[in-house]
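These are the residues of each chain, in order.
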Amino acid sequence: MSLRRRELFKLAGAAGLTGLLGRVPGVAAATRAIAWRNWSGAQNCLPAQRFAPASEAELADWLRKARGTVRPVGAGHSFSALVPTDDSIVSLSRLSGLIRHDPATLQAEFWAGTPMSQMGAPLKKVGQALVNMADIDYQSLAGAIATSTHGTGPRFGSYSSYVTGLRLLTASGDSIDCDTSRHPEIFNAARCSLGALGLVTRVRMQNRKAFRLHSRQWVQDTDELLEQFPELVRKHDHFELNAITHSDVSVALAMDETADTRTLQKEAGGDGEKVGMLYRMHHEYRNWPRVRATMLNTIAKHLIDFPDVIDDSWKVFANVRDQRFNEMEYEVPAEAGPACLREILRKFRSSNIDSFFPIEFRYVKGDDIPLSMFQGRDRCAISIHQHYAMDYHGVFAQIEPIFWKYDGRPHWGKLHSLNARLLAPLYPKWKDFLAVREALDPQGRFLNPHLRSLFGIA
Amino acid sequence: MRPRSIRLFLPCLLLVMAACARSGGTDAAPTVTVAAAANPPATTARALPPDLQAVYDRSCKSCHSIPATGAPQSGDVAAWAPRAAQGADVLLDHTINGYKAMPPLGACMDCDEAQFRALIAHMATLEPTP
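Sequences listed follow chains A and B, in order. Just so we're aligned, residue 699 is where the first sequence starts under my numbering, counting upward by one. Just so we're aligned, residue 2 is where the second sequence starts under my numbering, counting upward by one.
In case anyone wonders, no lab produced these hints; they're calculated from the structure. Source: prediction; values computed, not measured. There could be a bad hint or two in this list.
In silico lysine to aspartate or glutamate, EDC-like type, Cα no more than 16 Å apart, as pairs [said to hold, decoys possible]:
no., chain 1, residue 1, chain 2, residue 2
1, B, 101, A, 969
2, A, 822, A, 800
3, A, 1013, A, 954
4, B, 101, A, 919
5, A, 823, A, 807
6, A, 1129, A, 954
7, A, 999, A, 921
8, B, 101, A, 1020
Between beta-carbon pairs, the in silico distance windows are [as the list claims (entries may be wrong)]:
no., chain 1, residue 1, chain 2, residue 2, range
9, B, 54, A, 1050, 38 to 48 Å
10, A, 819, B, 54, 15 to 25 Å
11, A, 879, B, 86, 38 to 48 Å
12, B, 88, A, 1105, 30 to 40 Å
13, A, 959, B, 48, 53 to 63 Å
14, B, 52, A, 1117, 19 to 29 Å
15, B, 83, A, 742, 27 to 37 Å
Yeah, the Cβ is synthetic: ideal placement off N, Cα and C, and Gly gets one too.
Construct the complete structure from the given sequences, taking the supplied hints into account.
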């Protein structure tokens, strides 16, 4: 009831203001209280204001006047509670596109609200490409670097590791341009900041010459793939596997740079058919685990086609994900990755865990960013998914302790149960980040309850 | 609940199908499927006012004008017909809450209900609803 009363108050208040002031550009009108929610639907809030500035000056002016908590919002593809607030959410969607590029250094500066899906084409026009990309490109650039979002490959770091400069608007509305020579301590912290330092409006990325990729997928026994994993990640530019839970097999994915001029386009549409098959097998045969395993092994090996793809790099990296899910991901030391995955897969079968999405297993190069999950060493990223309509708490609670056993660090944009007491020992530069945050935002205007829990700030 | 016989029959059928597939294809070259180039749909979408066109360009176009995304393309009357049949309120609900690959709020964090309705109508070539 209290929520309804609050909604009514907000509606009445906002409607009154709108009536007096008319439509304010960039501020949502109040014909209906529209909640914000993330892609999976697990996170939501009813902010008093949704704001999308058309310029940095407008944003700075708004920041000086805004009251209450301010949280940046990108594409809503984080699964953790980084965004929810009752006060204001700010979208940089109007600050989008390529600003400038340098053909000598192969660096390019983008507005931070640029969707990752909108970077490939303009970069190709100037002969550049992102060095590596994640398996989806729905994220905004600011959101991707705020959480050290990553792809796969032992020679490639997360998006954050390719940031060479950025502009940060602080709680006071001040603008800070930073890189390795200007405010280096702020720069390093802001390369993965969870949106806790201010609003990043511009990002300069270190890119490479535009290139094409050849993607191949095949099904193989998971044990074999894990035994061959060190060799496979050395052999291929980008390699990952998707272990089919409750089975003995995985789908391996290798992507390599190619000079092949043919184009084999990725099939249109999403992964609904394959995910639907996994759901049916799980639903129908969960009580007969041996039958289910045999069915999954057989279908995956013999009845599913995985076409090769050859195209511009950004078109090959990105996939359409039209089956919504919630996700937990931990990054474990690279050498522990195969053992950790094996233990998780055993747990799925021994406890007959009620989940059917494949487990994604990737490799990411280490970096030196204080809050990056990859700070200090190469790590394997292991991602557990649960269909959005199925309860994830029980599944993730059974798997998360296995990650802890292998010194895992949780992905900031994905679900986990850690707070400051448990996170601080995982990050040698934890206090360095907190000091920068305290200096830039002493009043904690960019902190919502989730971030306060993560950083141990009351 | 399905009859037990179906549950027993399906695994057998799939195993036989797999065996047949294997016997016919073990030595064959890997299948390389070239996706058919998607023909752009016949576009009948009406022009938008400049402010909504700007919203469309930054929030909708990246999926609803690229067939590979699987999203119904703007002005593709046939693709929108079954969706439109569900009613404008359902489409609005999918826009606000997200649906399949569609992000909540359609990637427009500051849009209001009227703007969402107008954008849906534009893409689906429907008469705008109030």
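Each hint, compared with the structure:
1. Restraint check: the Cα-Cα separation between residue 101/B and residue 969/A comes to about 10 Å, which is no more than 16 Å; the hinted pair holds.
2. The hinted pair formed by residue 822/A and residue 800/A meets the criterion: a straight-line CA distance of about 13 Å does not exceed 16 Å.
3. For a cut-off of 16 Å, the pair hint linking residue 1013/A to residue 954/A stands: about 13 Å separates their Cα positions.
4. Taking the CA atoms of residue 101/B and residue 919/A, the gap is near 30 Å; set against the 16 Å cutoff, the hint is violated.
5. Between residue 823/A and residue 807/A the CA atoms are separated by roughly 14 Å; this keeps the pair inside 16 Å, and the hint holds.
6. Distance hint between residue 1129/A and residue 954/A is unfulfilled; the C-alpha atoms sit about 39 Å from each other, more than 16 Å.
7. For the hint pairing residue 999/A with residue 921/A, the CA-to-CA distance comes to about 15 Å; that is within 16 Å, so the pair holds.
8. A C-alpha spacing of about 4 Å is found between residue 101/B and residue 1020/A, which places the hinted pair at or below 16 Å, so the restraint holds.
9. Residue 54/B and residue 1050/A have their C-beta atoms about 53 Å apart, which leaves the hinted 38 to 48 Å range violated.
10. Distance hint check for residue 819/A and residue 54/B: the Cβ-Cβ separation is about 19 Å, which falls inside the suggested range of 15 to 25 Å.
11. In this structure the supplied range 38 to 48 Å is violated for residue 879/A paired with residue 86/B, their Cβ-Cβ distance being about 60 Å.
12. Checked against the hint of 30 to 40 Å, the pair residue 88/B and residue 1105/A fails, with Cβ atoms roughly 52 Å apart.
13. Taking the beta carbon of each, residue 959/A and residue 48/B are about 39 Å apart, not inside 53 to 63 Å as hinted.
14. A hinted range of 19 to 29 Å is violated for the C-beta pair residue 52/B and residue 1117/A, which are about 44 Å apart.
15. Distance hint check: the CB atoms of residue 83/B and residue 742/A are about 28 Å apart, consistent with the given range 27 to 37 Å.
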